[in-house]
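Colleague: Residue numbers -20 to -1, 1 to 138, in mature numbering (1 follows the signal peptide of the UniProt record, and there is no 0), belong to the letters of the sequence shown in order.
Be aware that one or more of the hints could be misleading.
[Unchecked claim] Taking lysine-lysine pairs in the DSS-like style, the calculated list, with each CA pair at most 30 angstroms apart, reads: (1) K11 with K51; (2) K111 with K79; (3) K14 with K63; (4) K18 with K39; (5) K11 with K111.
If you're looking for bench data, these hints aren't it; they were derived computationally from the structure.
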Amino acid sequence: MKKSFLVTFGIIALAVLSYAFTTNPDEPKYKNLKILPKDITHEQMDSVMHHFTASLNVKCNFCHMRNEETKEWDWASDENKHKLVAREMMKMTNKINDKYFPIGKKAEKLSTQLMISCYTCHHGTTEPAAKAPRMERPQQRPAQDSARRNLDSTKRNG
């Protein structure tokens, strides 16, 4: 009994050690990154993806493909055109931010760090609005309407 436990423990230890020596820590965690940094951390990637989903009010499948047979996500795939558009939008916002909201010595002069992001234009929709929202006038109460009519008639008569 004791001998079989030691043999089992030895095999498990050997498997763990061999796995530790076969994995390459320099190997990138994410594949097919074209805009985001290659050394991005898991927390940073989650933050970026959560920003996208909140800014456009979408889920992962808006940009990423899922294998129908295995139900596994193919995060690196470029088959979905929305992912390609997202890359172009990232280039555009990066260019605007670099030009108008520089980070570094110039940014220290700004009181707050202003930046353009997905939400700046999208406001929770997949398509940014092409025109400003229509302003609605606040509804007036009947008492205000009659007071205004009385004031207007006084001005005309007086």
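Colleague: For each hint, tell me whether it holds in the structure or not.
Modeller: Tested hints:
no. : hint          : result
1   : K11 with K51  : holds, 19 angstroms
2   : K111 with K79 : holds, 25 angstroms
3   : K14 with K63  : holds, 11 angstroms
4   : K18 with K39  : holds, 23 angstroms
5   : K11 with K111 : violated, 38 angstroms
The structure fails hint 5 only (numbered hints given earlier).
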